[in-house]
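Enquirer: Here's the letter readout for the chains.
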Amino acid sequence: EAGVAQSPRYKIIEKRQSVAFWCNPISGHATLYWYQQILGQGPKLLIQFQNNGVVDDSQLPKDRFSAERLKGVDSTLKIQPAKLEDSAVYLCASSLAPIWGSQETQYFGPGTRLLVL
Amino acid sequence: AQSVTQLGSHVSVSEGALVLLRCNYSSSVPPYLFWYVQYPNQGLQLLLKYTSAATLVKGINGFEAEFKKSETSFHLTKPSAHMSDAAEYFCAVIGDSARQLTFGSGTQLTVLP
Numbered sequence: 032e033a034g035v036a037q038s039p040r041y042k043i044i045e046k047r048q049s050v051a052f053w054c055n056p057i058s059g060h061a062t063l064y065w066y067q068q069i070l071g072q073g074p075k076l077l078i079q080f081q082n083n084g085v086v087d088d089s090q091l092p093k094d095r096f097s098a099e100r101l102k103g104v105d106s107t108l109k110i111q112p113a114k115l116e117d118s119a120v121y122l123c124a125s126s127l128a129p130i131w132g133s134q135e136t137q138y139f140g141p142g143t144r145l146l147v148l
Numbered sequence: 483a484q485s486v487t488q489l490g491s492h493v494s495v496s497e498g499a500l501v502l503l504r505c506n507y508s509s510s511v512p513p514y515l516f517w518y519v520q521y522p523n524q525g526l527q528l529l530l531k532y533t534s535a536a537t538l539v540k541g542i543n544g545f546e547a548e549f550k551k552s553e554t555s556f557h558l559t560k561p562s563a564h565m566s567d568a569a570e571y572f573c574a575v576i577g578d579s580a581r582q583l584t585f586g587s588g589t590q591l592t593v594l595p
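Protein sequences appear in the order of chains A and B. 148 is the number that the working numbering gives the last residue of the first sequence; the numbers go up by one with no jumps. 595 is the number that the working numbering gives the last residue of the second sequence; the numbers go up by one with no jumps.
It is possible that part of the hints are untrue.
What follows is a list of derived Cβ distance ranges for each label pair [to be verified]: (1) B/Pro595 - A/Ala36: 29 to 39 Å; (2) B/Ser494 - A/Thr136: 23 to 33 Å; (3) A/Ser49 - B/Pro595: 42 to 52 Å; (4) A/Ala61 - B/Gln524: 37 to 47 Å; (5) A/Leu127 - B/Ala499: 18 to 28 Å; (6) A/Lys109 - B/Glu546: 21 to 31 Å; (7) B/Ser510 - A/Val86: 20 to 30 Å; (8) B/Ser496 - A/Lys114: 22 to 32 Å; (9) A/Gln72 - B/Ser510: 18 to 28 Å; (10) A/Gln48 - B/Pro595: 36 to 46 Å.
No lab work stands behind these hints: they were computed from the structure. Owing to the predicted nature of the structure, the values given are computational and were not obtained by experimental measurement. Quick reminder that beta carbons are idealized off the backbone N, C-alpha and C, glycines included.
Next comes chain A alone, as it looks inside the complex (with noise of 0.2 Å):
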């Protein structure tokens, strides 16, 4: 069974720029994640799909990030313009079902390593 997909694994972006990232979930997953790993921290949760629904996305800075999961597959995470505090590893997550209250397991990708100079 193939793993959650990321690209690109590394980015390199001057501050104000803008930069996207993508993600193949696992085959049948319904539910997408994002998360923002900053050096030293946990991971930390940016938004969550159900399908092509957003279920969760309480602490995405939406004056500069956006995500999309069109058709309820892959999924795309924006940053415009980009700061210097956005670096950070994104890591990108799926579930056969939400976890809420469950016993679903997330399974993550590699992530992609985003330097803002």
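Got chain A; can you put chain B on it based on the hints?
Expert: Okay, now just chain B, sitting in the frame of chain A:
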């Protein structure tokens, strides 16, 4: 609000020695608890999870963790460390905020030859 505290950002053990990584949680409802491992430049991999069945949970690679409600703890152990265990370990909880998995700040495990 739910939270996780991992005591010790860095832990070093000798190969063959006991591994003990500490995790304490805060939740006003019975939690689900998880341990994940992250190898360099890789995503997180689930080691084990507690979902209110048995309090002693066995995971992959010889790891296990015990849920202790009275101590609000879910410490991760392995009887004998192997060089391949060197990685970062994250404890996580689903509790009050049942929609989200909240992670601790991680513990970097170093295994010395």
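Enquirer: Looking at the structure, which of the earlier hints fail to hold?
Expert: 4, 5, 6, 8
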